[in-house]
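K.L.:
Protein chains in written order, with the numbering used here: chain V, 1 to 256; chain S, 1 to 324.
Calculated from the structure, these hints are not laboratory results. A quick note: this is a predicted structure, and the numbers were derived from the prediction, not measured. We put the beta carbon where it would ideally sit given N, CA and C, even for glycine. Treat the hints loosely; a few may be bogus.
Claimed, not checked - Facing chain S, according to a computed beta carbon distance under 10 Å, are these residues of chain V, among others:
{"#": "1", "residue": "H73"}
{"#": "2", "residue": "A76"}
{"#": "3", "residue": "T88"}
{"#": "4", "residue": "N98"}
{"#": "5", "residue": "G102"}
{"#": "6", "residue": "T111"}
{"#": "7", "residue": "A167"}
Said to hold, decoys possible - Below, a list of computed lysine-lysine pairs in the PhoX-like style, where the Cα atoms sit at most 25 Å apart:
{"#": "8", "chain 1": "V", "residue 1": "K20", "chain 2": "V", "residue 2": "K54"}
{"#": "9", "chain 1": "V", "residue 1": "K145", "chain 2": "S", "residue 2": "K175"}
{"#": "10", "chain 1": "V", "residue 1": "K59", "chain 2": "V", "residue 2": "K78"}
{"#": "11", "chain 1": "S", "residue 1": "K175", "chain 2": "V", "residue 2": "K125"}
{"#": "12", "chain 1": "V", "residue 1": "K71", "chain 2": "V", "residue 2": "K59"}
{"#": "13", "chain 1": "S", "residue 1": "K175", "chain 2": "V", "residue 2": "K130"}
{"#": "14", "chain 1": "V", "residue 1": "K71", "chain 2": "S", "residue 2": "K103"}
{"#": "15", "chain 1": "V", "residue 1": "K30", "chain 2": "V", "residue 2": "K78"}
{"#": "16", "chain 1": "S", "residue 1": "K103", "chain 2": "V", "residue 2": "K54"}
Stated by the list, open to error - For each label pair, taking beta carbons as the anchor points, the in silico distance ranges come out as:
{"#": "17", "chain 1": "V", "residue 1": "S234", "chain 2": "S", "residue 2": "E190", "range": "29 to 35 Å"}
{"#": "18", "chain 1": "S", "residue 1": "F127", "chain 2": "V", "residue 2": "G113", "range": "39 to 45 Å"}
{"#": "19", "chain 1": "V", "residue 1": "S57", "chain 2": "S", "residue 2": "A107", "range": "34 to 40 Å"}
{"#": "20", "chain 1": "V", "residue 1": "E127", "chain 2": "S", "residue 2": "Q128", "range": "55 to 61 Å"}
{"#": "21", "chain 1": "V", "residue 1": "G113", "chain 2": "S", "residue 2": "G5", "range": "23 to 29 Å"}
{"#": "22", "chain 1": "S", "residue 1": "E190", "chain 2": "V", "residue 2": "E147", "range": "45 to 51 Å"}
{"#": "23", "chain 1": "V", "residue 1": "L142", "chain 2": "S", "residue 2": "G25", "range": "56 to 62 Å"}
{"#": "24", "chain 1": "S", "residue 1": "G5", "chain 2": "V", "residue 2": "Q188", "range": "46 to 52 Å"}
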Amino acid sequence: MALLEVRGLTKSFGGLVAVKGVDVAVEQGKIVGLIGPNGAGKTTLFNLVSGFLKPTSGKIIYDNKDIVGMKPHDIARKGLIRTFQLATVFAPLTVLQNTLIGLHLGARVNTVGDVFAFPTVVRRKSELNKRAEEILKFLDLLTQKDELASNLPYGYQKCLGLAVALAANPRLLMLDEPATGLNAEECQMMMERIRAIRDQGITVLLIEHSMNFVMGLCEWIFVLNFGEKIAEGSHDKVSQDEEVIEAYLGEGWSLK
Amino acid sequence: MIRRGLIPVLLVIVCALLPLALTSGFHFNLVIMVFLAVIYTVSLRLVLRSGLLSFGHSAFIGIGAYASVLLTMECGLPFLVSFLLAGVVSAVIGGLVFYPALKVRGAYFVMMTWGVCEVFVAIYKRFQIFGGTQGIWGVPAPEIFGFEFVGKIPYYYMAFILMLVVILICYRLEKSRFGLIVRGTATSEELSVSVGVNIAWYKVTNFAIACFFAGLGGSFLAHYIHLVDAETFGWFFSERIATYMLVGGGGSIWGAIIGASTLSLLHEFWRGATEYGMLLHGGLLILTMLFLPQGLVSIPAVLKRRGISLKIFSSKKVAGNGAS
Chain V
1 MALLEVRGLT
11 KSFGGLVAVK
21 GVDVAVEQGK
31 IVGLIGPNGA
41 GKTTLFNLVS
51 GFLKPTSGKI
61 IYDNKDIVGM
71 KPHDIARKGL
81 IRTFQLATVF
91 APLTVLQNTL
101 IGLHLGARVN
111 TVGDVFAFPT
121 VVRRKSELNK
131 RAEEILKFLD
141 LLTQKDELAS
151 NLPYGYQKCL
161 GLAVALAANP
171 RLLMLDEPAT
181 GLNAEECQMM
191 MERIRAIRDQ
201 GITVLLIEHS
211 MNFVMGLCEW
221 IFVLNFGEKI
231 AEGSHDKVSQ
241 DEEVIEAYLG
251 EGWSLK
Chain S
1 MIRRGLIPVL
11 LVIVCALLPL
21 ALTSGFHFNL
31 VIMVFLAVIY
41 TVSLRLVLRS
51 GLLSFGHSAF
61 IGIGAYASVL
71 LTMECGLPFL
81 VSFLLAGVVS
91 AVIGGLVFYP
101 ALKVRGAYFV
111 MMTWGVCEVF
121 VAIYKRFQIF
131 GGTQGIWGVP
141 APEIFGFEFV
151 GKIPYYYMAF
161 ILMLVVILIC
171 YRLEKSRFGL
181 IVRGTATSEE
191 LSVSVGVNIA
201 WYKVTNFAIA
211 CFFAGLGGSF
221 LAHYIHLVDA
231 ETFGWFFSER
241 IATYMLVGGG
251 GSIWGAIIGA
261 STLSLLHEFW
271 RGATEYGMLL
281 HGGLLILTML
291 FLPQGLVSIP
301 AVLKRRGISL
311 KIFSSKKVAG
321 NGAS
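Given the sequences, and given the hints that come with them, work out the whole structure.
P.N.:
Here is the structure:
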């Protein structure tokens with residue numbers, strides 16, 4: 001059964017239709033890719049699903065409920081967590097603090113108790129620290145935990161963005177270009193991590209331009225072009241689709 | 001050599017014993033006004049931590065002052081009750097006013113807070129219950145559990161204790177999870193929202209807490225000087241508090257304390273200089289922004305960068321504390 005189902009989703013900015021009647025269904029427990037040329041409407045689709053933008057028309061069914069019109073933080077509360085295309089982190093805060101903010105929804109820390117250092121709250125906060133460190137360890141960021149996020153190299157900042165998202169305890173994780181700016185080796189590691197995330201039962205929907213990354217990782221792929229869905233299917237099917245080759249992959253394309 | 005952690009302790013001891021050395025009412029008044037300035041500035045810094053610069057803080061000091069005066073004089077409530085209620089009234093009105101202000105950003109927000117400040121002054125002048133342009137005179141001295149405030153000493157210690165409580169709570173709030181989330185919303189709203197932070201709730205609550213402390217300060221002020229006057233809560237008062245904070249350094253609670261204490265003392269000293277006082281005030285603000293954008297509190301760090309190290313702090317403790 002689909003965890004996320006987008007039906008006839010349309011978004012227009014004045015005269016420009018960025019997303020045109022798109023249908024997308026993301027099965028629970030899968031890694032699903034969203035590809036297409038620049039300006040195809042991929043990030044707009046992410047913004048619509050995560051509530052950052054309001055659709056002009058269409059339905060977004062998540063976990064059997066229509067989430068259109070819900071506030072972004074309420075959507076996040078339901079376990080639908082997205083990352084951003086550019087490395088978006090809390091720049092003046094440390095890596096650990098970034099991750100701690102990510103833990104917001106499950107934190108349950110009483111502020112009055114926190115101000116007056118009640119023992120129960122102190123204990124709860126050290127539990128949260130431990131949880132944040134676990135996440136950082138999983139992403140190989142633990143050694144940098146006291147570094148300011150702004151001092152990290154770009155690839156690490158992207159990784160930290162993922163740490164913050166993971167801390168929010170997602171059911172559906174939407175990653176906007178997780179491999180951009182990573183070198184080949186880091187890319188390989190990111191693929192392994194995303195598989196490990198999926199193995200924990202988290203459904204993943206990702207946008208990526210690196211075809212090796214998408215083809216090697218995704219079990220189902222949607223292709224957008226000029227705001228419309230032009231194909232969907234397994235990577236074999238999508239990579240041989242005439243329209244996809246013409247619009248995006250290019251003639252003579254092959255997986256390296 | 002002084003251990004860094006000892007500085008606050010020493011300061012508290014000095015302030016607690018200071019009345020022994022103070023002889024004239026003028027000097028008492030000076031120190032009490034410094035304490036009040038610190039309360040205003042430290043509470044304003046809470047707002048700055050949420051990424052917003054408010055030029056309307058005096059409005060909430062005013063609300064606290066008027067609320068407290070009306071509650072004691074019109075409703076006959078005991079001082080301590082109206083003192084605390086003044087904070088609550090200020091916080092509630094602050095939250096209500098601030099909620100729509102979330103729609104505007106940057107310079108527009110600053111201008112809006114400025115406007116809000118003037119609106120409240122206009123309200124006080126327009127309605128007789130607030131004493132109109134005359135203000136309200138003869139505000140009674142505080143009385144706590146039968147203890148009546150006579151002379152300067154009770155006021156001194158009340159202002160001192162209030163200042164300590166405000167500083168300690170603001171400091172703990174900064175270190176708390178709440179403070180971390182507020183800092184996050186100031187840094188990246190979209191990332192905060194994406195992990196489920198209800199930005200409006202955090203910013204409004206944070207602002208209301210700042211208004212609560214401002215209201216307590218206002219209540220004390222009214223009962224200390226025994227009058228409230230609409231004009232005193234105008235924008236120039238807000239601007240002064242904002243200047244204390246910016247000159248001292250908004251980046252840390254020390255900056256707020258240093259800025260408030262040095263500048264409020266300077267203000268008293270050049271009070272006789274009238275127009276030239278404003279010139280000095282503005283000049284100081286501009287010089288700080290040019291040469292010490294992080295405020296007076298950053299002087300040791302700036303000197304260190306230039307290779308001059310101040311030997312008053314033991315290096316071991318400094319290394320452990322980092323930039324704090």
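K.L.:
Please flag the earlier hints that this structure goes against, numbers listed from lowest up.
P.N.:
22
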